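Undergrad: Each residue of the sequence shown is one higher than the last, beginning at 75 in our numbering.
Each hint should be verified, as a subset may be incorrect.
Keeping only pairs whose Cα atoms sit at most 20 Å apart, straight-line, the calculated SDA-like set for lysine to any residue is [said to hold, decoys possible]:
id : residue 1 : residue 2
1  : K607      : L629
2  : K530      : T504
3  : K105      : Q149
4  : K124      : D176
5  : K611      : G352
6  : K640      : F654
7  : K611      : D347
8  : K124      : Y184
9  : K105      : E167
10 : K640      : T615
11 : K640      : G606
12 : K530      : V487
13 : K607      : E452
14 : K124      : R114
15 : K611      : D589
16 : K124      : T189
17 : K105      : A148
18 : K626      : A604
19 : K640      : N612
20 : K611      : G641
21 : K105      : L143
22 : K640      : A604
23 : K607      : N630
Derived DEER-like restraints, expressed as beta-carbon distance ranges [unchecked claim]:
id : residue 1 : residue 2 : range
24 : D332      : S625      : 49 to 59 Å
25 : D398      : S182      : 15 to 25 Å
26 : D332      : D255      : 21 to 31 Å
27 : S465      : Q171      : 54 to 64 Å
It is worth saying that the hints were derived from the structure and are not from the lab.
The model shown is predicted, which means the values in this text are computed figures rather than measured ones.
Positions of the beta carbon are idealized from the N, C-alpha and C atoms, including for glycine.
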Amino acid sequence: MTLDGPGELDPAWSGSLTADARFAGTPEAGKLSLSGDGDRLSVGQAEVDKLLAGAMRLDLELAVRAGVLLLSSAQLDGTNLTVSALGTGQSDELEVQGRIRDLGLLASGYSGPVTLGGRLTPLAGGASMDLRIQGPAGIDTRVAGRFTNGQADLTVQGSSDAALLNVVADPATLAGALRLDLALRGQPALSSLSGRVTLSGGRIAYPYQGLSLTRTEMVADLAQGRARISATSELTSGGRLRVGGSIGLSAPFDGALDVQLDNLHLRDPELFDTTVNGALNLTGPLLGRARLVGRVRIGETELQVPSTGYASASDLEAVRHVNDSPAVRATRARAGLGAAAGAGQGGGGAISGPDWGLDVTVDAPRRIFLRGRGLDAELGGSIHLGGSLRSVVASGEIGLIRGRLDLLGKRLVLSDASLVLEGDLVPYITVVASNETEGIVSMVSIEGRADAPEVKFTSSPEMPQEEVLAWLLFGRGLQNISVFQAAQLANAVAVLAGRGGEGIVSKLRRGFGFDDLDITTSEDGTASVAAGKYIGKNIYTGIEIDQNGQSKINLNLDLRQGVTVKGRVGSDGQGGIGIFLERDY
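Can you make the complete structure from the sequences, with help from the hints?
TA: Dropping the structure here:
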């Protein structure tokens, strides 16, 4: 029998292949010989095709005994792959040797050969084996036991670098010392697999969500098609993540996991800097409609309204990429940029990955500082996140505790400020400040996503926005301001539009480590400085000093939600104390 071309075996296969088979003897006792030559073979599987590249030669001999086929010898010689199984002269035992020319063909970043050695004994309906695989990336694995009549009794013990799994883990990337101690008993299926897998000193990166973990330690005990997991990891920016529970080994990977967040430090240099603690529970199919339930607490947070409109990578969406390579498209997809992100990101800015249901409470009772574009405010509150990852339904509010809006030395006390999470870590903010002069109420509002808020000016009675700003800053109409004041008005617009920079007071506040720093000027020209800082979990103190040296110390103690004790004492000996009750209706 002669074979001409791989397409005769499978229409999807390609390349050049010629093979010849011969049989001598009877169906009860005989010998089957197979030989063939191939070149540029492809079976449609990327990793296998890399090993088959180039010219290959195959010689195979099978013995027929009592109607049963047994392997006598095998020899495969290729450019990237060689394997041989030759008799040792002792019974039917074969000495097995193999070699992959370069591991870099399958795992980029690792070079050097992978070798196979050991013994294999053909049996009726299968074989017994004792094989060892060694190579770079810490590969040292032993496979021993037998496989007969579709049933396995094998053990797998060894180690390697977890980075070898990146071929199947994409878009996540893994690294670290991986140790296997497994047994396969029964049919070749995940439900027949038992034993333990450990990862030490691991690193995990998931670029779609900007997640990077280090110092990962994991133990997974496998039994009956599930893995019981215990893992700890540290976020590269700070904090620890703990995961425990079980997960199915096959799709849709049904899970029951408990997640503990310990002081996770989350940061975007142009938007926010915060810490998160909490406990979450994830149950259900991880590739389907699992449910995420729990409560997290937001620690001290610096939320910066950016000084420009380029805080988000979305501004690069309009760039058209010409003749970009598959590797470049994959990189853009992982970063969520351009058309390449469509498949991975769900399109329309949706969160990539499965659509888990949500029942999560986010507590942020105080110390949520919103700053930038003349704003300096402290917020606090609580939000409940329902719906799903792709359609978040938020209820509750992070509302104003104290704050102000400064424009050209004009102090506007905030009447309203809030932020709401609507599906990602970039909140939707609302800030309103107002002033009344000669019966005209003028207001400025900053509203929108924190990375691209819009500024609006309104008044009662209604006036053009430039007129409203003139009344806010100078207490007079646009036609009654000087040329210099008009220039100041333009500068105020620039500050609100995000072109005014951080400001010296903000830099001093950060330099001294205060939570609040303010410099004010009264109507008679007297200047004063006020500084504030949390000295405990729920104790806020502030000190005010005027240019004459008179000082006043304020102390706020939050006993519980809505109940605050406030005390005040001045250098003139006067002071006071009171209990304040607050409740929203």
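Undergrad: Would the hint linking K124 and R114 be met if the CA-CA limit is 20 Å?
TA: 10 Å, holds
Undergrad: Given the proposed pairing of K607 with L629, does the C-alpha separation stay at or below 20 Å?
TA: Satisfied, since the Cα-Cα distance of roughly 10 Å is no more than 20 Å.
Undergrad: CA of K640 to CA of N612, is that 20 Å or under?
TA: Since the Cα atoms of K640 and N612 sit roughly 12 Å apart, the hinted pair holds (cutoff 20 Å).
Undergrad: Measure nothing beyond the straight line between the CA atoms of K105 and E167; if it is 20 Å or shorter, mark the hint as holding.
TA: Holds: K105 and E167 sit about 17 Å apart, inside 20 Å.
Undergrad: Given the hint that K640 pairs with A604, test it: the Cα-Cα distance must not exceed 20 Å.
TA: Since the Cα atoms of K640 and A604 sit roughly 17 Å apart, the hinted pair holds (cutoff 20 Å).
Undergrad: For the pair we were handed, K640 and F654, check the Cα-Cα distance against 20 Å.
TA: The hint holds at about 7 Å.
Undergrad: Between the alpha carbons of K124 and T189, is the straight-line distance 20 Å or under?
TA: Status holds; Cα separation ~17 Å.
Undergrad: Between the alpha carbons of K607 and E452, is the straight-line distance 20 Å or under?
TA: Distance of about 11 Å is within 20 Å: holds.
Undergrad: For the pair supplied as a hint, K105 and A148, confirm whether the alpha-carbon distance does not exceed 20 Å.
TA: Measuring from Cα to Cα gives roughly 13 Å; hence the hint holds.
Undergrad: Is the Cα-Cα distance between K611 and G641 20 Å or less?
TA: 17 Å, holds
Undergrad: Below or equal to 20 Å on CA atoms is what counts here, so check K611 against G352.
TA: 17 Å, holds
Undergrad: For a C-alpha distance cap of 20 Å, please report whether K640 and T615 respect it.
TA: 10 Å, holds
The structure shown violates none of the earlier numbered hints.
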